Amino acid sequence: MRVAAEQSPKRLEGRQKVTGAARYTSDVMLPGQLFAGVLRSPHAHARIRSVDAEAARTMPGVHAVLTPENHSDICWYGEEVPLFAAEARFVGDEIAAVAADSEEAVRDALQALQVDFAVEDAVLDIEQASAKNAPTVHLGADSNRVADPEDYQRGDVEAGFKEATAVVELTCTTPVALHNALEPHGCNAWWDGNDLHLYVSTQGLFAVRDGIAEKLGLAKSRVHVHAEHVGGGFGAKQVDWKQTLIAALLSRQCGRPVRLMLDREAENLAVGNRNSTRQRIRLGAHGDGSLCAIEVEADLNIGAYQVSGEGSPVTGPYQSLYACPNVRTRQTAWYSNCGPAVAFRGPGFVEGHFGLEQAMDELAHRLDMDPFELRERNYTERDQVEDQPYSSPQALRRCYQAVREAFDWSAARSEPADRHLRRGVGMAANIWMVGGATPPGQAEVIMQDDGAVTVLTATQDIGTGTRTVLAQIAADTLGLPLERISVVLGNTATELKAPTSAGSATLPTMGPAVRGASEALKDRLLALAAQRLQTPKDQLELKDGAVRAGAAQGGDSLSLEDLAEAAEPGSLRCSFTFDESAEEVALRTFAAQCVELEINTLTGELTVLRMVCAPDCGRIINRRLADSQVQGGVIQGLGFALTEQRLADARTGQILNANLEDYLIPTVMDVPEITHAAVDLPDEAENSLGVKGLGEPPMIAAAPAIASAIFDAIGVRCTDLPITRARLLAALRRKENA
Amino acid sequence: MTPFKYCRVASTEEALSSLSPSHRPLAGGTDLLPRLKQELIAPETLVDIKQAALPRGIERGSDGLNIGALTTISELAADRELRRDYALLGQAAELTATTQIRNRATLGGNLLQRPRCWYYRNPRVHCWLKGGDDCPAEQGHNEHHALYGDSPCRAVHPSDLAGCLLALDASVTLSSSDGERQLALSNFFTLPEDEHRQENVIRDQELLTSIHIPAASEGWDSLYLKTMDRKVWAFALVGLAVLIKTDGDTIEDIRLVGNGLAPIPWRLTSCEDHLRGTQATPDDLDAVIASLSQDAQPLGGNDYKLDLTARMLQQALTQLLNRD
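Quick mapping for you: the protein sequence lines, in order, are chains S and D.
Take 31 as the starting number for the first sequence in this note's numbering and just add one per residue.
Take 577 as the starting number for the second sequence in this note's numbering and just add one per residue.
Please note that the accuracy of each hint is not assured.
Unchecked claim - Computed list of lysine to aspartate or glutamate pairs in EDC-like fashion (alpha-carbon distance at most 20 Å, straight line):
#1 Lys552(S) to Glu598(S)
#2 Lys807(D) to Glu628(S)
#3 Lys581(D) to Glu133(S)
#4 Lys162(S) to Glu134(S)
#5 Lys40(S) to Asp57(S)
#6 Lys807(D) to Asp780(D)
#7 Lys821(D) to Asp849(D)
#8 Lys40(S) to Asp293(S)
#9 Lys245(S) to Asp222(S)
#10 Lys581(D) to Glu635(D)
#11 Lys765(S) to Glu848(D)
#12 Lys765(S) to Asp862(D)
#13 Lys613(D) to Asp480(S)
#14 Lys581(D) to Asp883(D)
#15 Lys613(D) to Asp624(D)
#16 Lys765(S) to Glu628(S)
#17 Lys245(S) to Glu110(S)
#18 Lys613(D) to Asp293(S)
#19 Lys765(S) to Asp750(S)
#20 Lys552(S) to Asp480(S)
#21 Lys807(D) to Glu691(S)
#22 Lys552(S) to Glu613(S)
#23 Lys765(S) to Glu615(D)
#24 Lys613(D) to Glu84(S)
#25 Lys581(D) to Glu703(S)
#26 Lys807(D) to Glu703(S)
#27 Lys765(S) to Asp448(S)
#28 Lys821(D) to Glu848(D)
#29 Lys613(D) to Glu628(S)
#30 Lys765(S) to Glu598(S)
#31 Lys613(D) to Glu295(S)
#32 Lys581(D) to Glu615(D)
#33 Lys807(D) to Asp480(S)
#34 Lys706(D) to Glu771(D)
#35 Lys162(S) to Asp151(S)
What the hints assert, rightly or not - Now the stretches of chain D that chain S is said to cover, found in silico as 3 or more residues with beta-carbon under 8 Å:
#36 596-605
#37 690-703
#38 715-726
#39 809-818
Just so you know, the hints here were simulated from the structure itself, not pulled from any lab data.
All figures in this text were calculated on a predicted structure; none of them were measured in a lab.
Glycine included, C-beta positions come from ideal geometry on N, C-alpha and C.
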């Protein structure tokens, strides 16, 4: 079975998007539309003595004001604190909200709110948070430690280090990074009687529906979530932040639709970020490169709250990427007076692989070994934590081969033209802890009267091309051209279950569901045709919009229109629930990357020349969209490596670059040629399509590959991200003075 | 953002008579609009001067160039003669901002733009430049901040072109209803001080109408180098404007101005003194580099700028002296 892998249709909604016709949440305008805004804490830590809303309430155009006095029974962040803060714990924390006729009236009303703050001491980073007698983020708490450290151990690490002929010790740090999806978070809420309609920019329709229903004490069936187009998520939209609920409350109070879109600053203050880390790493290896001990202590700054259900397994890669009998890891999360962290494309693993892969690169250097050879020496076909074989045990090996070949690793380094220029190449590998299904996934496939097909789901397309690949799967199964398929998504009304688009789960969950429903419909069509053509079903073929009998049976055919007309009303709709997950094997995804770059040793200017990424995502359904995922992931990894870091003022907790001017995402001029070295190895232990997710793996190894290439170019290891001009110059000075 | 009125004026006279502390001129708006949004200013009226028959474009005369203040950065970047006679100006124009911003932004506005300091621009921070007590960058994130200049404000001037024009001995014409005055850029830019928290001496009722550059003299060569934390669309970490006159291997004369080093474009006179008359040998360069530290007041996060400036200077000299 082969699903249209080599033909790569363009994104179905591409034209709508580039012409501005696609409707995003902020495009939704309803009759009687009101607008809303949130008053945010200007302090990193303060108790709120009172909020005086008198003046704001009577301003022209103002319809409702919510303060900490309202809805204090609704709690947030794992039921820990009220919706509107009584104690603000970061700059940007929500204190009050306003609904008014216009955005301008909202701003004026917010400025008219008088808040009496009692400012408290704040801590902003791991050092401050973990210091003895540090002020606590949560007043009255013993310390800023979120919970007891998470410890993992196998084998005997001390004995392992005793065996080692080479030991690498390294401390690495990674910054707080901001998601900066192009479309900010936001919601338009509207009550139709007792039914609540929510237009939301989200990665998870059902997560929003269930969460809001619970908070408002509504039946789930009364909450309807819509998300036609979503302008990116990267993890920050996998949980529902306060604005959806605030819009719903304001809308109920006003009896009119209320739209609450975040601006870029709010987006970068209050709705998630990648936690920063400090990783203290020790690796021990035998002379042949085989690892005999791995040890890491990782500290994380997760901001003011542990967002419920969120985890950032920074130590995961240390436990699983390489074969090693003796491993000890410890992970400690710390609160700080900054906006709370949330999953960000490969959470934990992006940070963890930076440290691990820098240590491995250093080990290869000490042992004078090729870094690919070192990785082959430590290859594992099993998950050593779960003690299970990988579902696709050769996948990472295939990534190594593909990236090596496409990059031409053995002959890779080209010669620069100038005596100040140095070129370097680097590689890094990664594992990702998921990439399989998050069942159940449900789809219904309907043949319309004219023979066209509608695929009904309640998943969401957050910009990855979900619509397109689901249409491809139905078209391929039913032998129809793509333009005869339409995909319905972005609406919970059908209650067809779909997972949150997180953990790269959408395609491996929804793909098999659409496949199953399409096969059922195909079976029904063939049965009907068999009746009409008086030909056994197994002698019929469904192709090019018609059912045909073989030549031996006279070659009769029936068009799908004719079949649709002949069918009992309602009989040509089939649904399928995909509810499996791989058993007794560990479902994982992998990637390997290579980078070539050039550094001007005089000025410290760094130019990335080319990047090649070979991710394992099972079978590729659409090469064009897969390439797009790879490029996006690699670019985000490039930004994480070289330019992106949220800056908090250490004295006041003000975030200094919560905008796209000072928070530097790569421009098109920073991005080199990026090659997707496709592996395309179906993982059939997971599902019959052999598909896995691709959203996260391409980002993970980018930063360590870049840092290794820098080491190759100038012989200095940069262990702190991002590797800015100032840091690169410091590295060059270290080298010159050595 | 406080509501404001908008009016468009059709003549220079009308423009000049409209200006006051509460009536501010709007040209490209690429700095004015952000400052409105960042609550740095709250004018009653914006006076749109784009169609006010003010000087626009480059006028050539025997005494040099007059560039109208409304000339866009794109127009400067595209002017072949300008690039031939004043290479550094074309280079600086091309390295400024993005295509979209260059198409909109004017030279006058470029010289008058206020610092992009992330404390100054943050509405929640009341820094010294906005009338507060101290400069939060001194003990905060100061990786983009000033090394030089005796001012309580440690922000740097954001313009790439300003340093080049200062190196070229340019002057500006400031017009008002009462008449005009012409000021050398070296007098136009001033360090912010307690009684005048601003980087230049323009008055509220004045409009910067044109920029004058003396005629290019024979034998001078020039270069502008800019370093950023990404390839494009960033303000300079350090920008270096270099004008040089050589006689064989010897530097007969040189002018050096650093951007990103001080609250105003900063003439590196002691470096010039150390280079003038030399062949820029490694020993000469050591002395030059040592002189960079003399008046510097590094803040911790910005110390690298000293090293970076020295390295950029070496690169500039290598290029201009055709060494290597």
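Worksheet item: Can the restraint linking Lys581(D) and Asp883(D) be considered satisfied, given a maximum Cα separation of 20 Å?
Response: Given that 20 Å is the threshold and the Cα spacing comes to 48 Å, the pair is violated.
Worksheet item: Keeping to a limit of 20 Å between CA atoms, is the pair of Lys765(S) and Glu848(D) held or broken?
Response: Given pair Lys765(S), Glu848(D) is violated - Cα atoms ~29 Å apart, limit 20 Å.
Fill in: Agreement of Lys245(S) and Asp222(S) with the hint, judged by alpha carbon distance not exceeding 20 Å
Holds. Lys245(S) to Asp222(S) sits at ~18 Å (cutoff 20 Å).
Worksheet item: Holds or violated: Lys706(D) with Glu771(D), Cα cutoff 20 Å?
Response: holds (12 Å)
Worksheet entry | Hinted pair Lys807(D) and Glu628(S), Cα distance within 20 Å | holds (13 Å)
Worksheet item: Are the Cα positions of Lys581(D) and Glu133(S) separated by 20 Å at most?
Response: Holds. Lys581(D) to Glu133(S) sits at ~18 Å (cutoff 20 Å).
Item to complete: Take a quick look at whether Lys821(D) and Asp849(D) sit within 20 Å of each other, Cα to Cα.
Response: holds (14 Å)
Worksheet item: Would the pair Lys807(D) and Asp780(D) pass a check requiring their Cα atoms to be no farther apart than 20 Å?
Response: Judged against 20 Å, a Cα distance of about 36 Å means the pair is violated.
Discussion item. For a C-alpha distance cap of 20 Å, please report whether Lys821(D) and Glu848(D) respect it.
Written reply: With a Cα-Cα distance of about 12 Å, the restraint between Lys821(D) and Glu848(D) holds, given a limit of 20 Å.
Worksheet item: Has the given pair, Lys807(D) with Glu691(S), been kept, meaning a C-alpha gap of at most 20 Å?
Response: Judged against 20 Å, a Cα distance of about 14 Å means the pair holds.
Discussion item. With the threshold set at 20 Å, check whether the alpha-carbon distance from Lys765(S) to Glu598(S) stays at or below it.
Written reply: Given pair Lys765(S), Glu598(S) is violated - Cα atoms ~79 Å apart, limit 20 Å.
Worksheet item: Between Lys807(D) and Asp480(S), does the CA-CA distance stay at or below 20 Å?
Response: violated (54 Å)
Hints 4, 5, 6, 8, 10, 11, 13, 14, 22, 23, 24, 25, 29, 30, 33 and 36 from the earlier list are contradicted by this structure; the remaining hints agree with it.
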